[in-house]
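Novice: Turn these sequences into a full structure, and let the hints guide you.
2 protein chains.
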Amino acid sequence: MTPAAFVSPSTGRQVKAVLFDTFGTVVDWRSGVAAQVGRFAERHGLALDPFGFADAWRAEYQPAMELVRSGQRGYVPLDRLHLENLNRILMANGLSPDGFPSGGLEELNRAWERLPAWPDSREGLRRLKGRYIVGPLSNGNTALLVNMAKNASLPWDVVVGSDLLQAYKPDAAAYLGAAALLRLDPAEVMLVAAHNNDLAAARDAGLATAFVQRPTEHGPAQTTDLAPASNWDAEAADFIGLAQTLTLSG
Amino acid sequence: MTPAAFVSPSTGRQVKAVLFDTFGTVVDWRSGVAAQVGRFAERHGLALDPFGFADAWRAEYQPAMELVRSGQRGYVPLDRLHLENLNRILMANGLSPDGFPSGGLEELNRAWERLPAWPDSREGLRRLKGRYIVGPLSNGNTALLVNMAKNASLPWDVVVGSDLLQAYKPDAAAYLGAAALLRLDPAEVMLVAAHNNDLAAARDAGLATAFVQRPTEHGPAQTTDLAPASNWDAEAADFIGLAQTLTLSG
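As you go down the protein sequences, you meet chains A and C in turn. Under the working numbering, the letters of the first sequence match residues 1 to 250, in that order. Under the working numbering, the letters of the second sequence match residues 1 to 250, in that order.
Please keep in mind that the hints were generated in silico from the structure rather than gathered at the bench.
It does not matter which identical chain is meant; a pair holds if it fits inside one copy or across any two.
The calculated lysine-lysine pairs, modelled on DSBU-like cross-linking and capped at a C-alpha distance of 35 Å, are:
hint, residue 1, residue 2
1, 150, 129
2, 16, 150
3, 129, 16
Specialist: Below, the structure written as structure tokens:
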């Protein structure tokens, strides 16, 4: 028997689609990027700190998107922002981007398409997929997210890239556009994220919200987003717990 | 071991994504719509010929999209065109659309989201999914296609609705937009269809092409699209045969 749909305490509506922040929530970007930076450094005989490089690369993420969100730049797909940021980090490490063989940096940039899922992600998504539409609601562009899903076997029903919405979270347009694309009211869509600020923006846009703990996204000494910062509609230690909460019979 | 990718004889390129025409190629719209029209007629005590009604409803499909393709109308999602066409067919049958309870026609309109897959579709897609990105390249809009896939368990990797491209096949923009969304060259994308005119337009846009036979799409007396009308890159009797052709080791 199909379990009853989860009713959001804050909106009073049944959830029909469960969409996921991706980097950090579904996949472990830090370990994945560091592993690929490590191989890149070895191939080119470079002395790089893989985790430090991954953290520095990721630190350019929000400032690059902020130029788009603030209107200083038109929409640029995330994979291009990632490549621009890579060039910047190489230079900060005293390396010239022009010193690498043609295509080599594009290949390293694909690290963001080859990230490992957290151990519980696939099984949790599989369970949720039996009851809900599941998909990413990510700042990644569609091609990046589709390739990531193929590489990590993420069983999405639909892939909502930021290029479809021409907007980066936490702009309200990103959350509202995803709901409209599925022909759902915002209140029928739940955002799942390990980041309280993403959930706050989703709630402001009218979506249901669920917090999942990813206490080592930023490494063993992480100090942020260790716990829910508000009374989100649901919270769980991982995607298995989330699936249990969202698929209880009503 | 992952089999080698299919190389298109016409483009000389490896295929990376296999996209599918949907209505008629993946799902059996005629049987599905007729079954739901039959239940609708019974519920409302109407004397309707279910298959005749389905054929008449579908006959409005191309003219409705042609208004968009020709620029006489801006892009309108297919589910709205279907609802407009339903109203027209009811009136042609002497029935007033206003004579039905609120929401009743919208419910019948969802027949297009509840179509049965052809018997080989799911298993063929499952096999192809192991080697390629698979998705619909359909005139359906994203919400319609996502709901169809949930109802029929179609294992798509990505759903490319006509609303994402704001174009209806056979406009070249539809084929080119799908490839661009996946960050692929048109020659790296294959269209699979049971309709020779769709394949001709896809080839003109630079895509690889495969014809699959669906000889009863229009019922037992079908006279069109019974065989490939050109030397498409591949042809098969069904999706199992297609998967065999496209996943042979190189």
